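Model the placement of chains C and U on the given structure of chain R, informed by the hints.
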Amino acid sequence: MNLKVKAQAGSFESSDVLIMIEPVESGSGRIIELKSIVMQQFGDDLLAQIHADLDNFDVRDVRVIVNDKGALPPTVSARLETALKRSAQVQSGTLS
Amino acid sequence: MKAKQNTFKRRTMLYIPGNNPAMLQQGSVYGADGILLDLEDAVALNQKDAARILVSHMMQYVSYEGCEVTVRVNHIDTPFGLEDLKQMVPLQPDALRLPKVETVDEIKRIIDVIEEIENEHQLQHDQMKVHVMIETALGVQNVFDIAGYSPRIDAISIGGQDLAADMQLVKANDGIGIDYARKQIVMAAKAHKIDVFDTVYVDVEDEDGLREEAEYIKKLGFTGKAIINPRQIEIVNEVFTPTEQEIRKAVKIVKAFERNKAEGIGVFAVDGKMVDAPVVQRAIRVLEMADIELESL
Amino acid sequence: MKNKLQIDIPNELDGIGRLEPFQGAFTKLKKGWMEEETVPPPNKAKMPHASKMCANLKEAILKTKPYNGMTISFHHHLRGGDNLVYEAVKILADLGIKDITLAASSLTTAHDPILPYFKDGTITQVYASGVRGELGKAVAQGALEKPLVIHSHGGRVRSVHTGKIKIDLAILAASAADEEGNATGSHGPSAFGSMGYAAIDSWYARQVIVVTDNIVDYPCVPQSITQNYIDYVVKVDSIGDPSKIAGGTTRITRAPMDLQIARLAAQVIEKSGELKDGFSFQVGAGGASLAVAKYIRKIMKQRSIKGSFLLGGVTSYGVVMLNEGLFRSIFDVQSFDAAVSSSLLNNTYHIEIPAGLYANPFNCGCMTNKLDVVVLGALEIDTNFNVNVITGSEGYVRGASGGHSDTASGANLTVVVCPSFRGRIPIVKEKVHTVVTPGESIDVLVTERGICVNPARPELKANLEAGGIKVKDIKDLAVEVEKITGKAKPIETTDRIVGIVEYRDGTVIDVIRQVAE
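Protein chains in written order, with the working numbering: chain R, 1 to 96; chain C, 1001 to 1297; chain U, 2001 to 2517.
Same shape as in the complex, but just chain R:
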């Protein structure tokens, strides 16, 4: 997936997660900044999930800023997918 612009998805509501995507120069790798209210219990899981999802979308170089309010895995994946598609400007069927 080819990231073009800064984008975000999600919210600060409880059980949600706000994910911001920033394209970075090719070759700079993944910079993931993770904050979570369940860091101690699920920090490692969250990080692993984000990497796995980025793999799926074939995103190697990106800055991801994650602010998690206890979102379940499907919410994390959904917000990341939404933010990535918005960043790549391939989202469809919505107003921006």
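Treat the hints as calculated values from the structure; they're not laboratory data.
Do not rely on the hints blindly, as some may be mistaken.
[What the hints assert, rightly or not] Computed cross-link-like contacts, SDA-like style, restricted to lysine to any residue with a CA-CA straight-line distance of at most 20 Å: (1) K2294/U / E1234/C; (2) K2487/U / S1063/C; (3) K2483/U / S1063/C; (4) K2298/U / I1235/C; (5) K2487/U / D45/R; (6) K2483/U / Q1060/C; (7) K2052/U / K2235/U; (8) K2470/U / C1067/C; (9) K2483/U / D45/R; (10) K2470/U / E1065/C; (11) K2301/U / E1234/C; (12) K2470/U / I1292/C; (13) K2276/U / E2459/U.
[Said to hold, decoys possible] If you want the footprint, here are the derived chain R segments under chain C, 3+ residues with CB under 8 Å: (14) 28-38; (15) 45-53; (16) 87-93.
Owing to the predicted nature of the structure, the values given are computational and were not obtained by experimental measurement.
Built from N, CA and C at the ideal position, the CB exists for glycine as well.
Same frame as chain R, now just chains C and U:
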């Protein structure tokens, strides 16, 4: 082709905003018979993409066991409707709810798209059901033909807020303005032998008003009612659940019917009142609503 | 050594001494005669017409001749408005007193201001039913020199009269008192209701100061605390924030999840067979617990059931049920809101009781033993039904034992209500961080995702199923929850024990270890 038989009770269907993870993950725990995952009015126009993606991830993760899952998509003629169908149809929820259906041509167009998508994904056309929402005066006038267009349409529902707006009613809360529409829609549903759902009751604080309206629409013949807050579920479920007295009477009728059937008698009396086939049918329906199996009698 | 729950308990602990491991809810009690002796209360004398009045709290404290290593006690009836604990500790700290044991019946976030005195050696040990907020965090991080002792409300009474807690100075707030120290919480501008947790302190402390913002003409009626135990009386401008002491009415939650759980719990109680004429009932003031009362009230009205008594912490909702005739009486050890105080004062059938009568295991029968149904909350519950109400998901102390284990052991039907997970944190799980109430005392768990009956109660399961209620195996529920949330990494702790959790009989049911950071 006959759509698969609905096995859910349909007293209450809880609307859940499609972009709200906290509510989506808990949707089925409040005791509603069904949940309506809403991509339409409950989602801001610039979050349609987010809601669609969230709903599809949630549906694949959370078990909504025991709850009928319906997704309300946007109208096909909005910039969102087609994308909704493309993403939701492959997930095959129990049903899709189509808003603001007005004509037969329209429903034909939508169902064609749905079936095209199903073909692409090698899916049968007889699994996911379709609910049509009637929310305009034109829709009310055409409801009989719309509801009869396809056997996979197994319920009609009335959208009271939009209908009142379309009818240019100033005050919609007393239900007088949409009363004709309610009755017309019920009759269309009954004619096609499908279910029919009432609109939401918007004043969440007014429990007495909700109960009154639920009792009224039950008398009209509605199958159940859409719910906007989990706190409303209990009241509507109560109204649509037979009372002990009703159950006792129904048991008596069904038992008498079985007895008389064995002797070849079609019409008989219970407690001095004539009982014929329609009365027995109603009694069976009461027992179904009360979760009482006929074999157990 | 391991206790009955297979939890490692050291034989001895610095700052506490020998520890006795938990052996089962009734193993000690069923002997009927306890080996522990009651310590003698102090013998004192006062000359006729000598004044007990002091100009201010500092003068009164000075008269008691405070010293290093003393134990001071407070009650928590001022709820979130308490300022007295801070005022008193500050005076003692300014006098240079060190190594104080703070034996408050409970500590709340209102007590956060005393945190500096945890860290500078003024307070080195705490006995309490609960600790919350900054204090609970500091305790779990190892701020106190000696281990925290968590006791139940009933257990505290036992600890005081067996001398485990030797109170040197009790400072008791009252909303009305006279010059001799007769005192009550049932009237006055800062009325807070029952003084149930304060009585035992007044009887056993070496010295007792009554503090009030409202001196009334002698004699103060009713006498929740009586003058024959009181050394000094202080009139202060304020015992705390009256809006938080005397304000408010506890409202039934509007949170759909709590209401749903409460609705299910009421169905469980109805179908259990316990909901019948003459039944006694207790609910907590928390979200789902209190909401159960709403549904029980509805069922009682529908079925014309009249209950016997309501017990424990009392909310205005309980008062409503008393006034409607749904229950014959309320026995009130602690009042949760302003409306309760006036009922306590005016209604003959709303009776103030001391904590010993409420829940002390070491007597000829406390009232929790007469409970038919109690509804309790949980921070966590494990697949053996053991309940944690003391440590939160980060391992900090953030709750209270309260009457949890007391009522759970006494009631015929103990119902725990909680969501199966909060946010992403599993609540129903294989192992809880800290056990407060043993699973043997819990009969049924009600969550939004399933109702689980303790396998030791097959007849209850049968009753519920006969009533059309689906029952789930708690192990299946824990698996289901973990599937939703993922497997939470356990809290990392060091080996250092920063607190013990006493069961109501004084044995140790669990320990709290320092959180690794």
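>> For a C-alpha distance cap of 20 Å, please report whether K2487/U and S1063/C respect it.
In response: holds, 18 Å
>> With the threshold set at 20 Å, check whether the alpha-carbon distance from K2052/U to K2235/U stays at or below it.
In response: Roughly 11 Å separates the two Cα atoms, so the pair holds.
> Are the Cα positions of K2294/U and E1234/C separated by 20 Å at most?
Replying inline: holds, 13 Å
> If you draw a straight line from the CA of K2470/U to the CA of I1292/C, is it 20 Å or shorter?
Replying inline: Since the Cα atoms of K2470/U and I1292/C sit roughly 15 Å apart, the hinted pair holds (cutoff 20 Å).
>> Check whether the Cα positions of K2483/U and Q1060/C lie no farther apart than 20 Å.
In response: Holds: K2483/U and Q1060/C sit about 13 Å apart, inside 20 Å.
> For the region 45-53 of chain R, do at least 3 residues have a Cβ located nearer than 8 Å to some Cβ of chain C?
Replying inline: violated (count 0)
> Hey, K2298/U versus I1235/C, does the alpha-carbon distance stay inside 20 Å?
Replying inline: Satisfied, since the Cα-Cα distance of roughly 13 Å is no more than 20 Å.
> Does K2487/U pair with D45/R here, judged by a C-alpha cut-off of 20 Å?
Replying inline: holds, 9 Å
> Are at least 3 residues of the region 87-93 of chain R within less than 8 Å of chain C when you compare beta carbons?
Replying inline: holds (count 3)
> Quick one, are K2301/U and E1234/C close enough, alpha carbons at most 20 Å?
Replying inline: Roughly 17 Å separates the two Cα atoms, so the pair holds.
> With a Cβ-Cβ cutoff of 8 Å, does the region 28-38 of chain R contain at least three residues near chain C?
Replying inline: violated (count 0)
> Is the hinted pair K2470/U and C1067/C satisfied, with a Cα-Cα distance of at most 20 Å?
Replying inline: holds, 15 Å
Going through the hint list in order, the structure does not satisfy hints 14 and 15.
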